[in-house]
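Participant: Each protein sequence line maps, in turn, to chains A and B.
Residues 1 to 271 in our numbering are what the first sequence spells out, letter by letter.
Residues 1001 to 1475 in our numbering are what the second sequence spells out, letter by letter.
Note that these hints are calculated values from the structure, not bench results.
Each hint should be verified, as a subset may be incorrect.
Pulled a few chain A residues facing chain B out of the computed Cβ check, cut under 7 Å [stated by the list, open to error]:
{"no.": "1", "residue": "T97"}
{"no.": "2", "residue": "I101"}
{"no.": "3", "residue": "R164"}
{"no.": "4", "residue": "E165"}
{"no.": "5", "residue": "G167"}
{"no.": "6", "residue": "I203"}
Built from N, CA and C at the ideal position, the CB exists for glycine as well.
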Amino acid sequence: MKPNAPPGACEICPAHHPANLKRLGVNMDRYDFVVALAGNPNTGKSTLFNSLTGLRQHTGNWPGKTVTRAEGGFAYQGSNYKLVDLPGTYSLLSTSTDEEIARDFILFGQPDVTVIVVDATRLERNLNLVCQVLEITGRAVVCLNLMDEAERHRLTVDERSLARELGVPVVPAAARQGRGVPMLIDRIHQVATGTFVCKPHRIQSEPPALKRAVSLLVEKLGAAFPDLPNARWVALRLLEGDARIEEAVRSGELAELVRVPEGAAPAEGTG
Amino acid sequence: MSPANTREEVLEAAANLRWEVGPNLHDSLMEALYTDAARITDRVLSRDDARPAFDLDRTIDRLVTSRWLGFPIMMLLMAVVLWVTITGANVPSSLLSSLFLETLHPALKQAAAAAGLAWWLDGLLIDGMFLAMAWVVSVMLPPMAIFFPLFTLLEDFGYLPRVAFNLDRWFKKAGAHGKQALTMAMGYGCNAAGVVATRVIDSPRERLIATLTNNFSLCNGRWPTQILIATIFIGSLAPPALAGLVSAGSVMAVVLLGVGCTFLVSWGLSRTLLKGEASAFSLELPPYRPPRILQTIYTSLIDRTLIVLWRAVVFSVPAGAAIWLVSNIHLGGVSLAEHLIQGMNPFGLLIGLNGVILLAYIIAIPANEIVIPTVLMLTVLSVGLPGVGEGAGVMFEFDSASATLGVLEADGWTLLTGINLMLFSLLHNPCSTTLYTIWKETGSVKWTAASALLPIAMGFLVCFCVAQVFRWLGG
């Protein structure tokens, strides 16, 4: 099922330039793009964070290890990237501290790219979070991590079909061994610079009454906040009575989420 | 229409529509998410259904979380880690201490003499501050450099969540959070690190319980005390062939007593000052992963060992100065230290300790690892043994356990003093590094004070009771 690359293709592929990567550690005085690392607990976000930034954040094989948000940077093809390692969460819909930190950062911090790290051996449960993130931001890359373990468990994931289903790039990786990292960086770069345009998956199986309510509310939101990128998700949160989002609507904070065109300066507020 | 009005309209519309979609919005949304996720998974995932005859992960899990084998395996692993730490640290520790104490210390003294430094300045700087720092580094660095990487390897392998799984039932009964097992385990390396690790606990109530009880995990600064005293007082009771086993067993008993105290105090706190139910949490048991050894050693050395060591050094330097000062400031011909020892001796003897031990614990607050050298120095000072030791306010340690025993017995130490010192080493206030960390993490003077006073009160009580029983038995 996995199509084999023709010989020689790797050498000419733009991803094949690991030398282009410059690990900046914590020295981030200016940056062009903000990249958030989201994902379920214990999927290897911190390991990926370390291999991208060259930092040595403590990693551990237990969920809930990242208790504070870690930041670092890397440079690739002349652009400086600021990388933010978010605490792992199973969902963005309930109200634990971790989930709020992750949710607020993805929504209000407006990362240019959100990398959703996925445990390939627990795909279904991880896709729950992916679908939720894709409701908030379409500018995402899915990193299909722990491929080595998936192979050990004799699981095969058709990453092309997955990318087609989700509408965002999917990169298979084994971050502990550094496998797939160059390709991931390249995809991040493509999404950040707008070379790759995502068509993010939206939740499709909701009941008709909900569908109708959402589309009505999206219309209203469109009048108040033209060009809001995640109106559907905001509508869902409002229907559920999320106080934080209601406040953002009332104060007009939500208007700041309307994305400025490509290449403009990134948002300041990241915290 | 003003923008504020349009915005209010959105909220209004949402409030109205909420009635239409009904109260099950959250559920139907979750359902939609699950349906989508399942559908996509179905399309992209294929598995080789030929089940392997032997699933390693499952087998390991069945063993380490088994009802019967779980606890013995846990204790065995802990004993192995401790044994490797203790035996492995011996050689580098003695190398470091000979470097610091036999080479650097005399060299510094000579340089000071050559420079014509005043005797008190030379004493304060070299015999006080430098020696305290040298002690802390040579006693603390090797065990930490072994313990933390071993611990991190177990963590990387995926064992720690299983420990939490095994202990969860007990913590729940005590009204505490199951993740406290993780912070408790960290405490065996260093309580300050354990206190920082309580950040993994969401509920503030349960986090405070974990913080307050972390001190009951014997930190590596206290291991040397335990091992030395167990060897010279308890191991010597057994025939030589069994001495090692008996003393190791008695140290393990103190460790288990600490675990018992953790549960007891957690239980007490969650029923009095920190009332509440244990909160539920989900802890995924991650797959076992072969640990990356070099990387683990590197990160645990940088992240844990050096940071903890540095803090201990910072706190030990003023302690060294204090030790030297109390032994060298004389009031009415007698040093301040002797005044203090005499003053505290009655209370000390009442609880089966003595004035020297109490004073040593007061001036060694910055770092538990300098307790034993301070005790020896103060004992020699107060007993006035001629020709032993290095002079007033100079910390030293004997090369052999029997020489130590000789000095201690000259000061009236008995088996009771030994046992109680081991108990008191477990049950006393945390070192100042840990207290500072607790204060920084909780931001509360009240809880910092509580975490210092609670164990010390328990220590006095336990030592007093043991002393009464011991004397009653005619020991």
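Participant: Each hint: holds or not?
Facilitator: Against the structure, the hints:
| no. | hint | in the structure |
| --- | --- | --- |
| 1 | T97 | holds, 6 Å |
| 2 | I101 | violated, 12 Å |
| 3 | R164 | violated, 9 Å |
| 4 | E165 | holds, 5 Å |
| 5 | G167 | violated, 11 Å |
| 6 | I203 | holds, 5 Å |
In this structure, the earlier hints numbered 2, 3 and 5 are contradicted, and the remaining ones agree with it.
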